[in-house]
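Chains as they are written, first to last, in my numbering: chain A, 900 to 1306; chain B, 1130 to 1356.
I should point out that these hints are in silico values taken from the structure, not numbers from a laboratory. Since this is a predicted model, take the numbers as computed values, not measurements. One or more hints might be untrue.
To be verified - In silico lysine to any residue, SDA-like type, Cα no more than 25 Å apart, as pairs:
{"hint": "1", "chain 1": "A", "residue 1": "1073", "chain 2": "A", "residue 2": "1019"}
{"hint": "2", "chain 1": "A", "residue 1": "1297", "chain 2": "B", "residue 2": "1189"}
{"hint": "3", "chain 1": "A", "residue 1": "1206", "chain 2": "B", "residue 2": "1207"}
{"hint": "4", "chain 1": "A", "residue 1": "1297", "chain 2": "B", "residue 2": "1335"}
Said to hold, decoys possible - Derived coverage of chain B by chain A (criterion: at least 3 residues anywhere in the stretch with Cβ under 8 Å from a Cβ of chain A; other residues may be distant):
{"hint": "5", "stretch": "1183-1194"}
{"hint": "6", "stretch": "1209-1216"}
{"hint": "7", "stretch": "1241-1250"}
We treat Cβ as the ideally placed atom computed from N, Cα and C, and that holds for glycine.
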Amino acid sequence: MNRWLPIEWITAVRFLREGRLQTAFIIGGIAIGVGVIVFMSAMLAGLEANFIKRVLTSQPQIQLVTPDQIARPLRNGANEVEDAVVQRPSQRVISIDQWPKIRSQMLAMPEVTAVSPTILGSVLAVRGDASRAISLSGVEPDSYFKIVRVPDYIVAGEPRLTSEDIIIGIELAKNLGASVGDKLNIQAADANRVLTITALVDLGNKGVNQRTAFAALRTAQSLLGMIGGVTTIDMTVQDIYAAEDIAQRIQASNDVEADSWIKTNAQFFTAVQAQETSNTMIRLFVALSVAFGIAAVLIVSVIQRSKEIGILRAMGTSRGQILRVFLLQGGLLGFIGSLFGTAMGVAALIYWHAVQRQADGSELFPLILEQRLFVLAALLATLTGLLAATAPAVRAAKLDPVVAIRG
Amino acid sequence: MAEEILRLERVCKSYNPGLPTETEVLHDIDLRLERGEFLALIGPSGSGKSTLLNIVGLLDRPSSGRLSIKGEDTASLGDTAITHLRGHTIGFVFQYHLLISAFTAKENVMMPMLVDRGFSSAEIEARADELLARVGLKRFADNLANNMSGGQQQRVAVARALAMNPDLVLADEPTGNLDTKSADGVFELMREVGRTSGTSFLLVTHNLELARRCDRIIEVVDGRIVS
Chain A
900 MNRWLPIEWI TAVRFLREGR LQTAFIIGGI AIGVGVIVFM SAMLAGLEAN
950 FIKRVLTSQP QIQLVTPDQI ARPLRNGANE VEDAVVQRPS QRVISIDQWP
1000 KIRSQMLAMP EVTAVSPTIL GSVLAVRGDA SRAISLSGVE PDSYFKIVRV
1050 PDYIVAGEPR LTSEDIIIGI ELAKNLGASV GDKLNIQAAD ANRVLTITAL
1100 VDLGNKGVNQ RTAFAALRTA QSLLGMIGGV TTIDMTVQDI YAAEDIAQRI
1150 QASNDVEADS WIKTNAQFFT AVQAQETSNT MIRLFVALSV AFGIAAVLIV
1200 SVIQRSKEIG ILRAMGTSRG QILRVFLLQG GLLGFIGSLF GTAMGVAALI
1250 YWHAVQRQAD GSELFPLILE QRLFVLAALL ATLTGLLAAT APAVRAAKLD
1300 PVVAIRG
Chain B
1130 MAEEILRLER VCKSYNPGLP TETEVLHDID LRLERGEFLA LIGPSGSGKS
1180 TLLNIVGLLD RPSSGRLSIK GEDTASLGDT AITHLRGHTI GFVFQYHLLI
1230 SAFTAKENVM MPMLVDRGFS SAEIEARADE LLARVGLKRF ADNLANNMSG
1280 GQQQRVAVAR ALAMNPDLVL ADEPTGNLDT KSADGVFELM REVGRTSGTS
1330 FLLVTHNLEL ARRCDRIIEV VDGRIVS
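Chain A extracted, bound-state conformation (with noise of 0.2 Å):
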């Protein structure tokens, strides 16, 4: 008997380690709940990581374009409207205005991390008999590649964009029977030029694959008829869950509207929102269950236990140490459990992270052990363990010794 514990300590310890099948028992299902929970925490977690990646990676987090142009009503005097009806414009595409002054500022805001202009118009891919309408985006290379990881989705070539080069989708080269190397005739309005495919990239939607086409900024000027003019602003940032706000105070200073990729995500979120609630419902489910288990057993303990109970009454020990020893039993099943359930959901993370896989054999999900959910986890079935214990502790500490005893 360790003589320096306290005796509600040693006692707690006794009774758990003397009913032992049961506390195996018990300790097996809160285990089973914690692993649940650590199981599923991480491997959403992950997931969620995974998508932001994905979704972060093939868009700029905030884009900066020119504002719609709207038409003005006519005013006959200072406020009397001459005609009540305002047809809205068609919206030209045209050129953000002073966009290398703007481009200063952006670097010079200490939470941006690129900023790359852009010009995006449509043209026709021309190939032999074959001809697509794609969606043409003339970049800076340096830091468009920074904003978005084009070179980790080229499937074939290499991330190389001189004025006489083009990267295009993979569905797109196949529709126009193209590879690597092949000359492709780009037709724009009022000019063509003749590219060599220099990659392929797969950006992960067959739509997305067919329509894209990436070429050096001045290439891309010069066919779409704006030497010197680009269409967007792209942009990353420290913080990816602050883009909405820096977004807003980029739009109130600048003359552009700033849209960023929450706004421009906006069912994503919607979506990880109820994959949280939906997660929080079955973690509050799978507590409550393991609550009730808990407070079941130590309920069967103090029954069991009454005798005893009695004798420990009678020698001395006050209504606060009997309730303290069923406390402490609750806490530590919680605690023992939980720790027997993080090993547990962590095995199962290692088990699934490396089975599942995604259609092109990459992982379903990063493994993200992090410390956090283990401790957190632990408290939390701690604290479980605490609060179902007492019901069972205040039945024990209000037993009337006399009656205890009798049994």
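Given chain A, put chain B in place with the hints provided.
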């Protein structure tokens, strides 16, 4: 005159007071016990012996009357004070040994001192060893309570009752579940402890032969002391 350890004056106990099912189990009990006295409490089953023992042991409270332990009236004491007084003044030996099965013999003896927290671990160990030696079970110190015979367990229970050096030991049929030889051994042990340490004993028994070997016999019939 010897020091008075226990005094009961007109103690009554009834269950369900004020209800049609009210049952009075003890009527006007007067009792006095002096230091070192060895008293036998006899009487038929259901006569109120155990109820009386529970009241004396501060496990139950009288419905009326006065109970004093070492001159202190217990009526005004709260639950905490009663628990403290019980832990320091009274030791219990029950019929069914009632050791705590999860602990060894020595640990059972140490329990009252651990509960009290007023002793150093060295003191607790030394006292437990001394008491186990006194009841002749030193070599069984590390045996779990369940791995001992009835007689041995009851000896451990006696040692545990003496752990806090109480003024009074209450024994409810301590030999009732033992064979004659073991019963005799346990009784003699208690007798010897009473003689040497000045501990008073109140012993409930059905065994008249044992009762006759006590200093005094009190007979309870239908909740009254008849002799």
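Taking the hints in turn, this is what the structure says about them:
Proposed proximity of residue 1073 (chain A) and residue 1019 (chain A) is supported: the alpha carbons are some 23 Å apart, at most 25 Å. A hinted pair counts as satisfied when its Cα atoms are at most 25 Å apart, and residue 1297 (chain A) with residue 1189 (chain B) qualifies at roughly 14 Å. Among the hinted pairs, residue 1206 (chain A) with residue 1207 (chain B) is consistent with the structure: their alpha-carbon atoms are about 23 Å apart, no more than 25 Å. Among the hinted pairs, residue 1297 (chain A) with residue 1335 (chain B) is inconsistent with the structure: their alpha-carbon atoms are about 32 Å apart, more than 25 Å.
Evaluation of the coverage hint for the stretch 1183-1194 of chain B: fulfilled, as 4 residues show C-beta separations to chain A shorter than 8 Å, against a requirement of three. Three residues within the 8 Å Cβ limit are the bar, and the stretch 1209-1216 of chain B against chain A gives 5, so the coverage statement holds. Residues of the stretch 1241-1250 of chain B lying with their CB closer than 8 Å to a CB of chain A number 6, which satisfies the three-residue condition for coverage.
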